[in-house]
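Turn these sequences into a full structure, and let the hints steer you where they fit.
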Amino acid sequence: MILLSFFKGLISLSGKIFAILFLIFFFLELVQRQRFLTKGYKPLARLLSFLGFAEASAAPVFAGIFFGIIYGAGVIADSIEKEGINKKQVLLVSVFLAMCHAIFEDTGLFLALGANLFWLTFPRLIIACLITFITSKIYR
Amino acid sequence: MPEICYPNSVKYHLVPEFFLSVLKRTVFSFLDLMKIILPVYTIITALSLTPIIKIFADFLKPAMALFGLPGESALALILGNFINLYAGIGVIPLLNLSGKQLNTLALMLLTSHSQIFETAVFIKLKTKFLFLLLLRIVMAIVIGYLVSRL
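Heads up: the protein sequence lines correspond to chains A and B, in order. Under the numbering used here, the first residue of the first sequence is numbered 8, with each subsequent residue one higher. Under the numbering used here, the first residue of the second sequence is numbered 594, with each subsequent residue one higher.
By construction, these hints were calculated from the structure, which means they are not laboratory data. From a predicted model like this one, the values you see are computed outputs, not experimental measurements. For each residue, glycine too, the CB sits at the ideal point set by N, CA and C. A couple of the hints might just be wrong.
Cut-off 27 Å, straight-line C-alpha distance, at most; resulting in silico cross-link-like pairs (BS3-like, lysine-lysine) [claimed, not checked]: (1) A:K95 x A:K15; (2) A:K94 x B:K717; (3) B:K719 x A:K95; (4) B:K721 x A:K95; (5) A:K89 x B:K717; (6) A:K94 x B:K721; (7) B:K617 x A:K15; (8) A:K15 x A:K49; (9) A:K15 x B:K717; (10) B:K721 x A:K144; (11) B:K721 x A:K15; (12) B:K654 x B:K693; (13) A:K23 x A:K89; (14) A:K49 x A:K89; (15) B:K617 x A:K23; (16) B:K617 x B:K628; (17) A:K94 x B:K719; (18) B:K628 x A:K23; (19) A:K144 x B:K717; (20) B:K721 x A:K89; (21) B:K617 x A:K144; (22) A:K94 x A:K144; (23) A:K49 x A:K144; (24) B:K693 x A:K23; (25) B:K717 x A:K95; (26) A:K15 x A:K89; (27) A:K89 x B:K693; (28) B:K647 x B:K693; (29) A:K15 x B:K647.
Partner residues aside, some chain B positions facing chain A, computed with beta carbon under 7 Å [what the hints assert, rightly or not]: (30) R618; (31) F621; (32) S622; (33) I685; (34) L700; (35) R729.
One-sided excerpt, in silico: chain A residues whose CB lies under 7 Å from chain B [stated by the list, open to error]: (36) L20; (37) L28; (38) F73; (39) A80; (40) L118.
Structure below.
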């Protein structure tokens, strides 16, 4: 009895996770190849500057939001070297990404478990923006 | 060979290669996740046959009541924070949560997870990692409390 429910649960969980991962990578691959990201980039960058981000910080923020903290960190490390973004910007990017990163993958996995899309995305994004804004005002 | 004009520069001959690449990434990522999720799911199922989980759950019941969650769900938070998000996800199907409880737990885990690994990333960036660590834990608690009360 317990064994049956164990396998049932396992199959349904892994099936859902596989399906969600396929969708996520389908979308990511499409974005990466067609460079959709670069088109909507300018207005979004303007929004980010309101939160206290410098122009050079936009790339690591977007990389982190969509692809995860590791990609974000990789791009920040690259930006520090090439564009010389300062300590405050590194902190702001880190604060934003600490609160909200990998919105496709992490959100997708919880969607597979049956959580609500609205609750998984909007509160995180809004709180990340809010805390970044506050940090940018406080930190000198 | 005559040049074919593709609408919106979509290169249709790349479609099979595109799907192969998506499938490859999916399979690798799936296996990576399952390496964590499967053992956690199995061990927690086995432990649920013993009194250990019940004792643990009763102990943490008052703390988790703050978020309207059952005591057992502390397991998801602990594994999710100390190991990684996927370990937390491995526990969730075993908890029998309501829709609202699931949203609360999901949002708490999304705010604060994989702390050992992600703190290491922030240390590497030479930024205020202790501040970030505390910020995430505190925010997870605040968010969990607020969402459960809405």
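Broken hints, numbered, in rising order? 1, 8, 9, 11, 13, 21, 26, 27, 31, 38, 40
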